[in-house]
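Enquirer: As they're listed, the protein sequences go chains A and B. For what it's worth, the working numbering labels the leading residue of the first sequence as 1, then goes sequentially. For what it's worth, the working numbering labels the leading residue of the second sequence as 1001, then goes sequentially.
Derived from the structure by calculation, the hints contain no laboratory data. Bear in mind the structure is a predicted one, so any value in this text is a computation, not a measurement. Hints should not be assumed to be uniformly reliable.
What the hints assert, rightly or not - Cβ-to-Cβ under 7 Å is the rule here; a few derived chain B residues that face chain A: (1) LEU1028; (2) GLY1031; (3) ALA1035; (4) GLN1071; (5) GLY1078; (6) ILE1096; (7) MET1102; (8) GLY1154.
As the list claims (entries may be wrong) - To list a few chain B residues with every Cβ distance to chain A over 10 Å, as calculated: (9) ARG1060; (10) TYR1095; (11) SER1139; (12) GLY1145.
As the list claims (entries may be wrong) - Counterexamples of contact, computed for chain B against chain A with all Cβ distances above 12 Å: (13) PRO1026; (14) PRO1046; (15) VAL1047; (16) GLY1104; (17) THR1105; (18) THR1108; (19) SER1136; (20) ALA1153; (21) ASP1160.
C-beta: ideal position from N, C-alpha, C; glycine also.
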Amino acid sequence: MSSTPSTSLLKALSPSDHDEDLVQRKALLAEIDASCRLPVLLFFICGTLWLLVGTLFALITSWKMHHPDLLGNIAWLTFGRVRPVHLNTVIFGFASEVAIGVSLWLMCRLCRVTLMHKWIIIMAAVFWNVGVVVGVLGILAGDNTGIEWLEFPPYASPILFFSYALIAVWGIITFRFRREKHLYVSQWYLLAALLWFPWLYSSANIMLIMDPVRGTVQSAVNWWFAHNVLGLWFTPIGLAAIYYFIPKVTGKPIHSYYLSALGFWSLALFYNWNGGHHLVGGPMPAWLVTVSIVASVMMTIPVVTVGINHHLTMKGSFHMLRHSPTLRFMVFGGMNYTVASLHGVLSALRSVSEVTHFTHHTISHAHTGMYAFFTMVMFGSMYYIIPRLTLREWPSAMLIRVHFWFTALGIILYMGPLTLGGILQGYAMLNPDVPFLDVVKLTVPYLKIRTVAGIIIAIGHTAFFINLTWIILRQLQPYRQPTRMIIAATRNAINPALP
Amino acid sequence: MNYGPLLFFGIFLTIASSWCGLVLIPQLQFGGQQAVKLESGEQYPPVRPGGAQRGEAVYRANGCIYCHSQQVRAAEFGADIKRNWGTRRTVALDYIRDKPVMLGTMRTGPDLSNIGVRNPSRSWQLTHLFNPQSTSAGSVMPPFGFLFETRKAGQRPAPDALQLPAPFNPPPGFEVVPTQAANDLVDYLLSLKANVPLPEAK
C-alpha cells in the first residue's frame, strides 16, 4: 500500500491527529457498510435468485433451438415465451438488481455518507421484485408486448418505474449530501446511469406501449431504447465498478485522469446514438441508420481510451490476479468490454451487417457485452462488497474458483462457436441457391455447443449461489473472530488517496 | 470535473441530443404517415379484418418475432428478393397499421413479410403450425399443438380437420382441429402482403 508523501509527512509530524483520523475513517466506513447492509444484500440475494431462474430459462430456450419438441405443446413454455422470460429475468431481475446494489454501495462509499432512511431502498427492492414477478408471469401468460427488450406487459412496467424512481432519487440525494468534495470517475458514470435510465424507460414505455407512435417510428424508438439499456445503463455501472475496484485491489491510482474524462464524455456523446445500427437495411430513412453507424464507429474512442487507462493501471499488478477473485473477474470483464465494443463497431458497418444481421452472430455479440463484460464485473464487485457487508469471509475459495473458471470458459465456449456459426449462417443466407432448411441445419451443431456452454455456465452460477447462501448463513450466526476483512478495511482507511 | 451542476448538465444534454435525433425527428419526419389510395381505389395498407387482428395478437403473444423478421431488404443488399421473400423492399408505409411493428432482428426462420403471397394455402399453414416437421423435416420451429384440439372423431370427420401425413396423424378414431386462435393466426399470416408496388420502394 502506498500513500501520498504529503499526508504521510503530516501524519508523521502529528501522530495523535493521525490516530484520530484513522479511527474516524474506520468508524465511518463501518457505519456506511452497516447502513448499506440490508438493502444492498437484499438486491444481491434477489438478483442472484433471478440469475438462477434466468439461467434455467436460458437452458430451456437453448435446448429448444435444437430439440424443438422439448415442452413443445405447453402454451406457456413455448419457445417464443421462454426466450423473452430469459432476457427479462437476467436484464431486469439479475443484472439490474445487482447493478443497483453495487451503485448504491459505491455511491455511499465515494460520497462518504451513510445510506439514509434505508427503508426507502428496501421498499424499492420489494417493488422492483414484485414488478419483475408480475412481468414474467405476464409474458408466460401471453401478454408479451411484442417489443424487444420491453416485453413486460403494461401492468408490470409502472411498478418497475416507481421503484426505479425511488432508487434514482435516493442516489442523487445521497450525492447531494456528499462529504467528499472530490468527484471520482466512478461517480460520473453512476450519476449518468441513474439519470439516463429513467429517461430511456419512460420515453420507450410512453411512446411504444401507453400511446404508441405510428409505423416504423416504433422501431426507431425501440432500438434507441434497447441499445441504450446496455449503453447508458449497464455499461456506465460496469465501468464505474472497474474504475473503483482495480485501484482498490491493486492499491494504485487510475493511470490518467485525462483519459478517464475523455473516455466518459466520448461515451456520453456517442453511445446514445448507436441504436439505429440494429435497423441496417430495414425500412428506415438512410440518414437514421447512417448516423448510428457513424456513432458506432466513434465508440472506438471511449473504448480504446478506457481500455488503455485500465491496462496501464493494471500494469505491474497482473500477478495479483492469482489471489484476488474480485480483480480476476474485473480484468476478465474489462477485457471483454474492449472485445464486445470493437466487435460491435465492426458489426455496425453495412458490409458486415449485410452478412451478420438476422443471424446467431448478433446473439453471441449481445452475450459478450451483457455477460462476458457486465455480468463478470458484477460478480467481481459482489466478491468485494458482500464480505464487507456481512463481516464474514467467503466460506469456500474452491467454489470461487469453480465460479470463475466455469463462467469464464463457458462464455468463451459460447461466444467463439456461435459467432462463427452466425457468420456461416449469414453467408449461406446470402446465397439464394442454398435452400433455407439447409441454412437452418447448418446452424444446429453450433446451437448444440451453445447448450453445452450454457450448462457449464450454469454450474458456475450454482457454485456462486452455494457460496452466497453459505456466507449469509454465517452472517446470521454469532460473530466469532475478527476476519481479514477488518484488517483490510483498516488499511483502506489509512490511505485516503484511494477511492 | 468536481463541479456537480456541469456534470448534470452534460449528462442531460447528451441524452437529450439522441432523443431528439433518433426519437423526435423520426416522429416528425414520418410519424404522421397516412394510408394512400391506390389506382384501383383501394386503400393501402388495408385495414386488417377482425380475425387477422386477433391473429396479430397470437403472433405477438407467442413470440414469433424472435425467429421471423418482417422486412425485405433492397435488391442490392442481401439476398431477400432473390430468395423470393418479396418482389420489392419494404418501406415505412407497409407498417403503419401494425400493432406493434414487428420488424424482427432474427431469421432462424424465413422472413414473413409476404407469406400471404408466397404460401396462401390455409391447410399448409395449419399443418405446418401443428407440427413443422410434417411439412419441413429438419426445421427447428417449435410445434404449436396447443393451438389445436385433438378430439374423438364423430361419424363424419369435421370439415376443418387437418389432413396430416403418416407419422404425425392422430390415433385412429381421433382428429386434429384448429382452435379459433390457430385460425386467427393463419388469417394474420395470410394478410401479410407487402407486394403492392409503391413509388418509394423502387
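Enquirer: Could you check the structure against the hints above and give me the numbers of any it violates, in ascending order?
Expert: Per hint list: 1, 3, 8, 9, 10, 11, 12, 13, 16, 17, 18, 19 violated.
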